[in-house]
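Keeping their order, the protein sequence lines are chains A and B.
Number 175 in our numbering belongs to position 175 of the first sequence; there are no gaps in the numbering.
Number 325 in our numbering belongs to position 325 of the second sequence; there are no gaps in the numbering.
Simulated from the structure, these hints should not be mistaken for lab results.
Treat the hints with care, as some may be off.
[What the hints assert, rightly or not] No more than 20 Å apart at the CA atoms, straight line, and that leaves these computed lysine to aspartate or glutamate pairs for DMTMM-like:
{"no.": "1", "chain 1": "B", "residue 1": "K135", "chain 2": "A", "residue 2": "E136"}
{"no.": "2", "chain 1": "A", "residue 1": "K100", "chain 2": "B", "residue 2": "D177"}
{"no.": "3", "chain 1": "B", "residue 1": "K135", "chain 2": "A", "residue 2": "D145"}
{"no.": "4", "chain 1": "B", "residue 1": "K2", "chain 2": "A", "residue 2": "D145"}
{"no.": "5", "chain 1": "B", "residue 1": "K109", "chain 2": "B", "residue 2": "D90"}
{"no.": "6", "chain 1": "A", "residue 1": "K93", "chain 2": "B", "residue 2": "D113"}
{"no.": "7", "chain 1": "A", "residue 1": "K53", "chain 2": "A", "residue 2": "E27"}
{"no.": "8", "chain 1": "B", "residue 1": "K85", "chain 2": "B", "residue 2": "E8"}
{"no.": "9", "chain 1": "A", "residue 1": "K100", "chain 2": "B", "residue 2": "E110"}
{"no.": "10", "chain 1": "A", "residue 1": "K100", "chain 2": "B", "residue 2": "D106"}
[As the list claims (entries may be wrong)] Here are the simulated distance ranges between beta carbons:
{"no.": "11", "chain 1": "A", "residue 1": "T101", "chain 2": "B", "residue 2": "S264", "range": "49 to 59 Å"}
{"no.": "12", "chain 1": "B", "residue 1": "P111", "chain 2": "A", "residue 2": "C196", "range": "43 to 53 Å"}
{"no.": "13", "chain 1": "B", "residue 1": "K20", "chain 2": "A", "residue 2": "E30", "range": "54 to 64 Å"}
{"no.": "14", "chain 1": "B", "residue 1": "P115", "chain 2": "A", "residue 2": "E181", "range": "42 to 52 Å"}
{"no.": "15", "chain 1": "B", "residue 1": "P115", "chain 2": "A", "residue 2": "C196", "range": "20 to 30 Å"}
{"no.": "16", "chain 1": "B", "residue 1": "K67", "chain 2": "A", "residue 2": "T101", "range": "26 to 36 Å"}
{"no.": "17", "chain 1": "B", "residue 1": "N56", "chain 2": "A", "residue 2": "T101", "range": "49 to 59 Å"}
{"no.": "18", "chain 1": "B", "residue 1": "K37", "chain 2": "A", "residue 2": "K47", "range": "48 to 58 Å"}
{"no.": "19", "chain 1": "A", "residue 1": "Q4", "chain 2": "B", "residue 2": "G242", "range": "54 to 64 Å"}
{"no.": "20", "chain 1": "B", "residue 1": "D113", "chain 2": "A", "residue 2": "Q94", "range": "53 to 63 Å"}
{"no.": "21", "chain 1": "B", "residue 1": "L54", "chain 2": "A", "residue 2": "S153", "range": "54 to 64 Å"}
{"no.": "22", "chain 1": "B", "residue 1": "E110", "chain 2": "A", "residue 2": "C196", "range": "31 to 41 Å"}
[What the hints assert, rightly or not] Just some of the chain A residues that point at chain B, by a computed CB distance under 7 Å:
{"no.": "23", "residue": "V109"}
{"no.": "24", "residue": "S121"}
{"no.": "25", "residue": "S149"}
Cβ atoms here follow ideal geometry from the backbone N, Cα and C, with glycine treated the same way.
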Amino acid sequence: MSNQFHIQDWVKIKNGEIFNSGKLIFESTEKELTLFLKECYEFLEIKYPKFHKMDGLSKLGILGSEIIFRKNKSTKDTALVISNNASSLENDKQFQESTKTFASPALFVYTLPNIVLGEISIKYKLQSENAFFISEDFNAGLLKDYSESLLSSEKTSSVLCGWLDLQNGEYDVFLCLVSKEKNIPFSEESLKKLYCAENDKPTHRT
Amino acid sequence: MKKLYLLEDAIISPLGFSTKENIQAIREGKSGLKLQKPKFTENQFFAGIIDEILLNRAFSEIGSIEKFTKLEKMILLAVKQVLDKNKNLDLSETALILTTTKGNIDLLKEPGDFPESRLKLSELGKVVANFFVFKQTPIILSNACISGGLGLAVARRLGNSGIFKNAIVVGADLVSDFVISGFNSFQALSPEACKPFSKERDGISLGEAAAAMLVSFDQPQNSANISLIGDASANDANHISGPSRTGEGLYKSIQKALKEASISAEKVGFLSAHGTATVYNDEMESIAFHRSGLQEVPIHSLKGFYGHTLGASALLESIITKHSMLNNELFASKNFGELGVSKSLNIIQSNKHKEIYYALKTASGFGGCNLALVFKAEKE
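Okay, chain A solo, but in the shape it has when bound (with noise of 0.2 Å):
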């Protein structure tokens, strides 16, 4: 069963770098986590004016998705499987310290680590299954295994699956296209191999 379905195609943000499908696509040295994502979103040239007001992890999940469905289409129903650590803590911290003064609804509403889902339904119209776990490191055996139950059952044709974490301003991304299309066999060993491909350590710890 696990021979079914095939990894289309991946994208990776972490250090200041980009790499799609294993090619570095886009390097910058802004160590500015603000700044990054704006240099990449003018690299992509997105043109999405919402983009500006979300959290970092909405702006990361939106990054790395654009990336993925401007070469591979999207449908209605492709799934969102999206798991971190740092859950939403990194935009829960500046809520909170909001509260000492005025507490901000804006901010309020990115205390959930699966609004990145919401953002990235919109923007890609998908009207699909989400779930988003988390796991204290990348978990690419419960990636495989909740992904491959949506595809089995066909509730779903495609999943985006993956890491999204950002805490203390560090990034680490790993977003890929899973369907019945042809390319890398959708199994544990390969979701690890190209996590790591570009990885010196297996994961962010704090």
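Take the given structure of chain A and dock chain B to it, following the hints.
Just chain B now, kept in the frame of chain A:
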């Protein structure tokens, strides 16, 4: 996909520290919502908050009260009750699926003696897994206000391929200053106890609870049992904090879940709605239910009893639904006055006896997510 049987369950809430106590309180029409003195909000509000003295008293029988956060104590008590009634459960074959929106978020402001890492949801998972010596790495899901119900769907989907036979699904959240100030900044808190689907509804009341349920693919020996036979979620792709005006995502979820269950809308005997009592949410639900042909189905929201328990709500409400099905009793939708949504609904106004064979549980949340679960009763 295989049926997922709903077995032992437990609810820790202001209404009681067991499912039995909770159901008795609902039967008697008691609410856990109480008036809260404004701390940093300008207005008064109602919330369902668990008395910490009572919680510590109950928890001291199973562990040290200083070593765990309030949320952890609620979760551990709930899971302990479920495990105590299933002493032969093999924990190496049992998954732990923990669902929450904010976990120990109260530690962000007041960490006390806990390390900063305790804020992390993965740490919360470890605390629970280690306490009971679960062998598998806990599966943690944080998907806004559908989390607890989606946990049941995740258990069915993952378990269907044979990775595990049984799972304990947990849903839990706190009424923290963090969420109070957040919902207050949205002007979403009602100054009174919330009134789902009513004309006078003007916002939510928050609540806290931990709910736990053992689920299994093995058919139980009991003569009557309840199983999950259809599940679907769908995003509105419309707005991250406001519900869709057409109820699109919820409508889609309901259609898909009914299709998977191979039943038509007429077969649904009871509908446990999300019903948060915000103007827009309840209106959206009425539109989605109408589009689905569910306007005649007896329906309630439990938010008048518990407030909105966020990540716990859809699991807690599924547990109450399960017992409604087993006991053939429908509970009134508390604080309902006059219908205040544009589409007609059959709101349950007083407790009733009714045989229920199929029930539908729905939930919606921030990020535009929606969920529908179809439960089936098999009775002798």
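Okay, the hints, checked on the actual structure:
Restraint check: the Cα-Cα separation between K135 of chain B and E136 of chain A comes to about 16 Å, which is no more than 20 Å; the hinted pair holds. Only pairs whose Cα atoms come within 20 Å are accepted, and K100 of chain A paired with D177 of chain B is accepted, the gap being roughly 12 Å. With a C-alpha separation of about 18 Å, the suggested pair K135 of chain B and D145 of chain A falls inside the 20 Å cut-off, and the hint holds. The straight-line distance between the Cα atoms of K2 of chain B and D145 of chain A is roughly 16 Å, inside the 20 Å bound, and the hint therefore holds.
Our distance criterion of 20 Å between C-alpha atoms is broken by K109 of chain B and D90 of chain B, whose separation comes to about 39 Å. Our distance criterion of 20 Å between C-alpha atoms is met by K93 of chain A and D113 of chain B, whose separation comes to about 19 Å. Our distance criterion of 20 Å between C-alpha atoms is broken by K53 of chain A and E27 of chain A, whose separation comes to about 24 Å. Among the hinted pairs, K85 of chain B with E8 of chain B is consistent with the structure: their alpha-carbon atoms are about 7 Å apart, no more than 20 Å.
Taken as a hint, the K100 of chain A and E110 of chain B pair is honoured in the structure, with Cα atoms around 14 Å apart against an allowance of 20 Å. Between the alpha carbons of K100 of chain A and D106 of chain B the distance comes to roughly 15 Å, so the proposed pair stays at or under 20 Å and holds. Roughly 54 Å separates the CB atoms of T101 of chain A and S264 of chain B, a value that falls within the hinted 49 to 59 Å. Taking the beta carbon of each, P111 of chain B and C196 of chain A are about 34 Å apart, not inside 43 to 53 Å as hinted.
K20 of chain B and E30 of chain A have their C-beta atoms about 59 Å apart, which keeps the hinted 54 to 64 Å range intact. The hint said 42 to 52 Å for the Cβ distance between P115 of chain B and E181 of chain A, and at roughly 46 Å that hint holds. Taken as a hint, the range 20 to 30 Å holds for the pair P115 of chain B and C196 of chain A, whose Cβ atoms sit roughly 29 Å apart. As the Cβ distance of K67 of chain B to T101 of chain A is approximately 35 Å, the hint placing it in 26 to 36 Å holds.
Checked against the given bound of 49 to 59 Å, the beta carbons of N56 of chain B and T101 of chain A, roughly 34 Å apart, lie outside it. Between K37 of chain B and K47 of chain A the CB atoms are about 49 Å apart, so this pair conforms to the stated range of 48 to 58 Å. A hinted range of 54 to 64 Å for the beta carbons of Q4 of chain A and G242 of chain B is inconsistent with their spacing of about 38 Å. Distance hint for D113 of chain B and Q94 of chain A: a CB-CB separation of about 25 Å, inconsistent with the stated range 53 to 63 Å.
Separation of L54 of chain B from S153 of chain A is about 43 Å and departs from the stated range, judged on CB atoms against 54 to 64 Å. Taken as a hint, the range 31 to 41 Å holds for the pair E110 of chain B and C196 of chain A, whose Cβ atoms sit roughly 38 Å apart. With a cut of 7 Å, the hint placing V109 of chain A at the interface with chain B holds, because the nearest CB-to-CB distance is about 5 Å. With a least beta-carbon distance of about 4 Å to chain B, the hint placing S121 of chain A at the interface is held under the 7 Å criterion.
Proximity of S149 of chain A to chain B holds as hinted, the smallest CB-CB distance being about 4 Å (cut-off 7 Å).
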